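Read top to bottom, the protein sequences are chains A and B. Heads up: the first sequence begins at 171 in my numbering, then just goes up one per residue. Heads up: the second sequence begins at 171 in my numbering, then just goes up one per residue.
None of these hints come from the bench; they were simulated from the model. Bear in mind that the values here come from a model prediction, so they are computed numbers and not experimental data. Some clues are possibly wrong.
With a straight-line Cα cutoff of 30 Å, these simulated BS3-like cross-link-like pairs (lysine-lysine) come out [claimed, not checked]:
| no. | chain 1 | residue 1 | chain 2 | residue 2 |
| --- | --- | --- | --- | --- |
| 1 | A | Lys-335 | B | Lys-467 |
| 2 | A | Lys-209 | A | Lys-176 |
| 3 | B | Lys-176 | B | Lys-286 |
| 4 | B | Lys-176 | A | Lys-467 |
One side only, chain B facing chain A, incomplete, derived with CB under 10 Å [as the list claims (entries may be wrong)]:
| no. | residue |
| --- | --- |
| 5 | Arg-189 |
| 6 | Gly-202 |
| 7 | Gln-206 |
| 8 | His-318 |
| 9 | Trp-332 |
| 10 | Lys-335 |
| 11 | Pro-391 |
| 12 | Ile-409 |
| 13 | Ile-429 |
| 14 | Trp-517 |
| 15 | Tyr-521 |
Listed next, the stretches of chain B that the computed footprint assigns to chain A, with coverage defined by at least 3 CB atoms under 8 Å from CB atoms of chain A [unchecked claim]:
| no. | segment |
| --- | --- |
| 16 | 219 to 232 |
| 17 | 244 to 258 |
| 18 | 285 to 298 |
| 19 | 433 to 440 |
All residues carry an ideal CB built from backbone N, CA and C; glycine is no exception.
2 protein chains.
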Amino acid sequence: MLERFKVPKQDRVYVQQDRIRQATHDIFRHVGVDEQGAKASTDVLIVNDLRGVESHGVSNGLRRYVSEYNAGTLNGAPSFDIEHETATTARVNANNALGTHVGPWAMELAIEKAAKSGMGAVSVHSSGHLAGCGYYAMMAAEVDMVGHCMTAGGANQTVPTWGAKPVMGTNPIAYAAPAGEMPPFLFDVATTQVANNKIGLSRRVGASILPGWIADLEGKPIMEEVPAPDTGDYYLLHIGGTRENGSHKGFGFALMNEIICNGFTGLGSGPVGGNKHGGHFFMAYQVEAFTDLQKFKQDMDDLLRYIAAVPPADGFERVVYAGMLEAEEEERRTRDGIPYHREVVEWFESYCAEAGIDCDLR
Amino acid sequence: MLERFKVPKQDRVYVQQDRIRQATHDIFRHVGVDEQGAKASTDVLIVNDLRGVESHGVSNGLRRYVSEYNAGTLNGAPSFDIEHETATTARVNANNALGTHVGPWAMELAIEKAAKSGMGAVSVHSSGHLAGCGYYAMMAAEVDMVGHCMTAGGANQTVPTWGAKPVMGTNPIAYAAPAGEMPPFLFDVATTQVANNKIGLSRRVGASILPGWIADLEGKPIMEEVPAPDTGDYYLLHIGGTRENGSHKGFGFALMNEIICNGFTGLGSGPVGGNKHGGHFFMAYQVEAFTDLQKFKQDMDDLLRYIAAVPPADGFERVVYAGMLEAEEEERRTRDGIPYHREVVEWFESYCAEAGIDCDLR
Chain A
171 MLERFKVPKQ
181 DRVYVQQDRI
191 RQATHDIFRH
201 VGVDEQGAKA
211 STDVLIVNDL
221 RGVESHGVSN
231 GLRRYVSEYN
241 AGTLNGAPSF
251 DIEHETATTA
261 RVNANNALGT
271 HVGPWAMELA
281 IEKAAKSGMG
291 AVSVHSSGHL
301 AGCGYYAMMA
311 AEVDMVGHCM
321 TAGGANQTVP
331 TWGAKPVMGT
341 NPIAYAAPAG
351 EMPPFLFDVA
361 TTQVANNKIG
371 LSRRVGASIL
381 PGWIADLEGK
391 PIMEEVPAPD
401 TGDYYLLHIG
411 GTRENGSHKG
421 FGFALMNEII
431 CNGFTGLGSG
441 PVGGNKHGGH
451 FFMAYQVEAF
461 TDLQKFKQDM
471 DDLLRYIAAV
481 PPADGFERVV
491 YAGMLEAEEE
501 ERRTRDGIPY
511 HREVVEWFES
521 YCAEAGIDCD
531 LR
Chain B
171 MLERFKVPKQ
181 DRVYVQQDRI
191 RQATHDIFRH
201 VGVDEQGAKA
211 STDVLIVNDL
221 RGVESHGVSN
231 GLRRYVSEYN
241 AGTLNGAPSF
251 DIEHETATTA
261 RVNANNALGT
271 HVGPWAMELA
281 IEKAAKSGMG
291 AVSVHSSGHL
301 AGCGYYAMMA
311 AEVDMVGHCM
321 TAGGANQTVP
331 TWGAKPVMGT
341 NPIAYAAPAG
351 EMPPFLFDVA
361 TTQVANNKIG
371 LSRRVGASIL
381 PGWIADLEGK
391 PIMEEVPAPD
401 TGDYYLLHIG
411 GTRENGSHKG
421 FGFALMNEII
431 CNGFTGLGSG
441 PVGGNKHGGH
451 FFMAYQVEAF
461 TDLQKFKQDM
471 DDLLRYIAAV
481 PPADGFERVV
491 YAGMLEAEEE
501 ERRTRDGIPY
511 HREVVEWFES
521 YCAEAGIDCD
531 LR
């Protein structure tokens with residue numbers, strides 16, 4: 171993440187992962203989530219926080235999930251119904267499970283299918299927020315497969331190239347691939363200039379929005395640096411920002427995501443159907459179905475080392491690939507704790523006090 | 171394509187597709203390509219030209235392929251050896267076939283596997299230029315599957331985010347998906363701001379290069395509008411251009427492409443190994459392995475119609491999705507002929523005259 175999104179130094183409270191894990195787990199249980207779901211969702215969110223992906227950790231997510239469970243829009247004890255299945259594929263009705271609840275289960279199913287058949291893919295509908303896609307792709311990399319995950323969550327946020335009305339959500343795409351000695355490749359991006367969560371983060375940390383990141387409500391890209399606007403006062407732009415700078419490429423990746431995530435679930439088009447929660451897609455490629463695994467991992471090491479050794483351009487410190495900083499951050503935060511905004515820690519403490527949860531974060 | 175890349179009106183010679191097809195086929199045969207290869211390559215190049223993707227048609231490609239066949243770096247009568255195979259996957263040694271020669275065969279194999287097993291994927295090494303990836307992805311859409319194709323052709327052209335030395339090529343990615351009544355989704359983009367071929371096209375048509383499209387030889391993004399530089403005087407930038415504008419996203423998509431195209435072929439890293447011709451990857455998803463095909467196509471129509479009906483932002487005529495303009499262009503050019511630069515037509519005529527090929531383009 172760019173420096174501007176990070177919690178300012180004076181507002182940081184470092185929390186050890188076991189403490190925030192326990193509190194998060196207990197809060198999920200308190201709002202009626204079953205034990206498997208509480209474990210799964212806690213791991214997704216805290217691993218995101220450990221990797222420095224705080225836009226998809228507990229800070230932005232947990233409050234929202236709690237209120238969705240309390241409102242009954244999320245189901246804390248869902249069954250995962252396989253509606254259609256082949257040796258390589260499955261389509262699943264998650265019965266309003268949180269995405270972080272069904273996601274690890276669905277990716278595991280894709281991995282099992284890939285282990286038997288070379289490739290496996292699972293589409294999931296009727297499920298809430300996935301909290302990014304990187305965690306799930308990495309599940310495959312951790313068992314020496316290439317992982318791929320997408321979600322078409324949240325329609326009507328992003329204007330298409332040349333358009334004045336929003337159509338799709340941030341439609342993120344993730345891939346992960348294992349290496350031998352180098353940190354694995356872990357790529358997880360919104361198909362917009364920035365994720366919507368980052369606009370929220372910017373408001374919290376007082377960061378500004380750069381030219382070409384968002385559009386006004388007439389679809390015109392805002393080409394000056396501006397303070398983070400309120401929800402409802404802007405639309406997102408696809409990767410590229412403007413047509414001249416390639417926004418049709420970001421738009422096309424987003425549409426591919428929409429077609430696979432919503433089309434392959436039978437859910438139908440998110441924007442047209444007004445689906446607040448789009449479908450998810452989880453996929454695993456077994457490396458050995460194509461080539462020798464040890465050779466693949468050796469090639470990965472050679473490639474990733476080569477990239478990390480590229481001399482930086484003037485004004486920059488070094489060259490990194492997707493997953494490298496995340497691996498370094500995970501090591502650092504596992505040791506030193508996760509730097510949450512004090513306001514987040516205070517929310518945990520006050521929630522736990524009211525709910526009668528024994529919560530010791532500091 | 172942007173208007174700036176099109177052949178200027180006064181330089182256009184309209185050629186009917188059957189005439190340019192015959193001449194292209196005969197030239198391939200003349201340089202020793204077998205009948206299957208001549209047919210396959212001709213169809214790829216002319217369909218690209220019909221769809222308005224002239225950066226990957228005969229104008230930029232054919233001269234280069236002819237000289238590669240004449241130099242013996244391309245094999246006109248290759249066998250395609252399956253080195254490893256499962257029900258869903260295959261790895262193929264193309265024995266120095268041109269990409270447009272082996273590509274249709276490899277995508278057909280992926281489609282056959284998907285028809286039997288839900289998904290199919292084929293990685294190909296030891297093969298030349300693929301001429302874009304869209305043609306192959308569309309082969310799947312034409313039989314009601316979702317198609318995906320990538321190639322890691324050409325290392326050492328593109329600087330990674332913050333880097334001063336080029337690592338990867340333009341690493342294009344394509345997806346296609348069928349609809350019912352609407353033109354199919356057909357998305358085919360380089361993971362750079364512009365494809366290298368477009369720099370060549372710009373030189374030919376006298377178009378300039380926009381800010382953030384390329385970097386100087388120290389890796390610094392050129393942020394002014396400049397004339398198209400000569401080969402060797404610039405590096406390409408990944409989608410986004412600069413880190414603030416999201417170039418790490420384009421870089422990540424390129425690296426994913428590199429890992430799958432070169433890793434899954436056993437070819438090893440392109441930049442490290444100095445592979446001039448990277449691997450290709452062809453994949454098909456059977457829609458019915460996930461959901462009902464008719465429902466999927468109806469959902470596609472609903473979604474694509476919705477996008478095409480989005481009101482344009484101020485200053486723009488209409489909103490389009492990837493594949494829409496290509497379908498309109500294909501209809502127009504099938505009727506009116508393909509507008510080639512007169513210099514291209516003159517090359518055909520002079521080549522045919524020297525080779526004794528009966529060629530009637532006008």
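Status of the hints after comparison with the structure:
no.	hint	in the structure
1	A:Lys-335 <-> B:Lys-467	24 Å, holds
2	A:Lys-209 <-> A:Lys-176	27 Å, holds
3	B:Lys-176 <-> B:Lys-286	42 Å, violated
4	B:Lys-176 <-> A:Lys-467	43 Å, violated
5	Arg-189	32 Å, violated
6	Gly-202	31 Å, violated
7	Gln-206	25 Å, violated
8	His-318	9 Å, holds
9	Trp-332	4 Å, holds
10	Lys-335	5 Å, holds
11	Pro-391	9 Å, holds
12	Ile-409	5 Å, holds
13	Ile-429	5 Å, holds
14	Trp-517	31 Å, violated
15	Tyr-521	35 Å, violated
16	219 to 232	violated (count 0)
17	244 to 258	holds (count 4)
18	285 to 298	holds (count 5)
19	433 to 440	holds (count 6)
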